[in-house]
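Engineer: Spelled out, the chains give:
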Amino acid sequence: MLGFIIQRFLQAIGVMAVMSLIVFCGVYAIGNPIDIVIPPEATQDLRDEVIRRLGLDRPLYEQYFIFLVNLLKGDLGRSFVYNIPVLELIGGRLPATLELVLISVVSASVIGVSLGIYAGYRPESWTAKTIMAASVLGFSVPSFWVGLILILTFAVNLGWLPAGGRGATIDIWGVAWSFPTLDGLSHIILPAINLALFKLAMMIRLARAGTREIMLTDTIKFARAAGLSEITILRQHLLKLISIPIITVFGLELGSTLAFAVVTETIFSWPGVGKLIIDSIAVLDRPVMVAYLILVAFLFVTINFVIDLIFALIDPRVRRGAAS
Amino acid sequence: MTETVLSVKNLTTHFFTRSGVVKAVDNVSFDLAKGEIMGLVGESGSGKTVTGFSLLGLVDEPGRIVSGSITLKDKALTSLSNAELRRWRGREISMIFQDPIATLNPVLTIGRQMRLAIAAHERTSARAAEDRATDLLSKVGIPSARARLDAYPHEFSGGMRQRVAIAIALLHRPSVIIADEPTTALDVSIQAQILQQMRVLAAETGTAMIWISHDLAVVSSLASKLAVMYAGRIVEQGPTATLLRNPRHPYTAGLMNSLPAMTKPGTPLKQIPGTTPSLLSLPPGCPFAPRCQRATAQCQHDPELTIHGDRGWRCFDPVGHMDEVSS
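As you go down the protein sequences, you meet chains W and B in turn. At position 69 of the first sequence the residue is numbered 69 (this note's numbering), and the sequence of numbers has no breaks. At position 79 of the second sequence the residue is numbered 403 (this note's numbering), and the sequence of numbers has no breaks.
Excised from the complex, chain W in its bound form (with noise of 0.2 Å):
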């Protein structure tokens, strides 16, 4: 198992190695911050003056090695634009998205998992063929449409909840949460179901396909021969059983919805990290674009491991092969 650790350890260490060396030069190939950053009436001597500062000068390799240096001291640079770390800039957009996220994409998985063991289990009932007509509308049913009509719907015409921002937010740890508020949570609403959709859509048809093949197996087929009841067949034998693929799509789903909520977080006017990226690729904001793009590498490479550790606790099996 330590073994399993530090080898994945290495390979997270190469992975983020290669990230950065590609979002640096991606990055570099675009646009020139200067023409935004500087105003156009500035004197040359002031031109200078910023791109000297700013280490716009030197050559490429030179300027990745500072980051590479800098990055290892944990520090990654300033926004050109706020002037300001850019690590505290995405940690002040950071708690938004992810408490809009984690709402979205759990409630999204318990749901869709439930809906989808259901319609696996009885696939020729009514209630079953509804459920996958539903999915089948959420996966096709663009995001950003959803979107706006779930304000007019419910912001506009009907008022019942606001149609953007986070609400009265609360303090824990130094950071702004707006779900421990009730009017915090009626601004995550809206948004919160916009992003669940295409998910939820998704679980439901990876729980239902898992669960028609494993009913159909012989574990099933024995655990009813031993008199086992239906919902103890349905919790401890399949829940188990088609958990694999759905912790998977569950971790990727989490990794990209935190890194690429931007449609969503644009239409609520939600202060997430997705409108901080997109603002800062308007305005060529390089240290906010780079640090971004590799923290949303690391972000992947945690929760792979994350979820390569849970699936070692699900099945023995893996285990065995991950200690050999």
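Hints in this document: simulated from the structure, not taken from any laboratory.
The calculated lysine-lysine pairs, modelled on BS3-like cross-linking and capped at a C-alpha distance of 27 Å, are:
1) Lys221(W) / Lys347(B)
2) Lys221(W) / Lys333(B)
3) Lys221(W) / Lys463(B)
4) Lys221(W) / Lys397(B)
5) Lys399(B) / Lys221(W)
Knowing the structure of chain W, use the given hints to seat chain B on it.
Structural biologist: For chain B alone, kept in the frame of chain W given last:
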């Protein structure tokens, strides 16, 4: 006369598929006495396994028991609701399957699976459940049983897994165990051990067994009586010794002739010509007629069951002689 634990009368199970009605089990009747071992023999697709599942009330959709009765210890199983039937499964009648690798849940420990099977019918302390599981595992020949409760199925060999499955089936000392080719997937040496063990266990606990197999040789060494299935019906039944000495149904005779041991070494193996008919479009009359060398115009009609002493067969023109039938 020993006490009858299981009595099956005219059991008929059909599958209502899109392409038509599959008559998987057709008018099957037999009785099973306490502690008796009956062999249910036939080719693949002859309805042996569906018969087994029908007895448990576990026929998969779109299948259904359409008629007949199953009486287990004076209780008519066919009239019970699903919930009531569940209370009988595993406690009074249980089943083991062909492939021990597929039957046990790979992600639960053996101990957990055994505890679930115990908890399905009884409330016991964790301690008592563990003792019971350990006891049964040792009985079926698993060394250091208590320590193995924490092991997962993949840590056992195929033969050991089948022993675990047998132990689970025996947890509540059922009156009847249906064994669906439990040794087919195993090595011959392991097969012999398990057969021996099952025989001892059945005798010890008074459990009756229905041993389903396509292998006449295996079954005849174990079972005291045989039922030969063909195309969903029992074509011949009777005590193993007399049935094998003097088969009456041409199909039984063909099965015996095709055993490699019955052929002189060096000569080609004998086989029954033709293939088993599709259960979707059975010919009218005797289903074996198209493959039968003795078939006559009469075989266009369905032969009734002829009962003679403890023997029975469905054939107008049986092979062998009547006077040799009784032992």
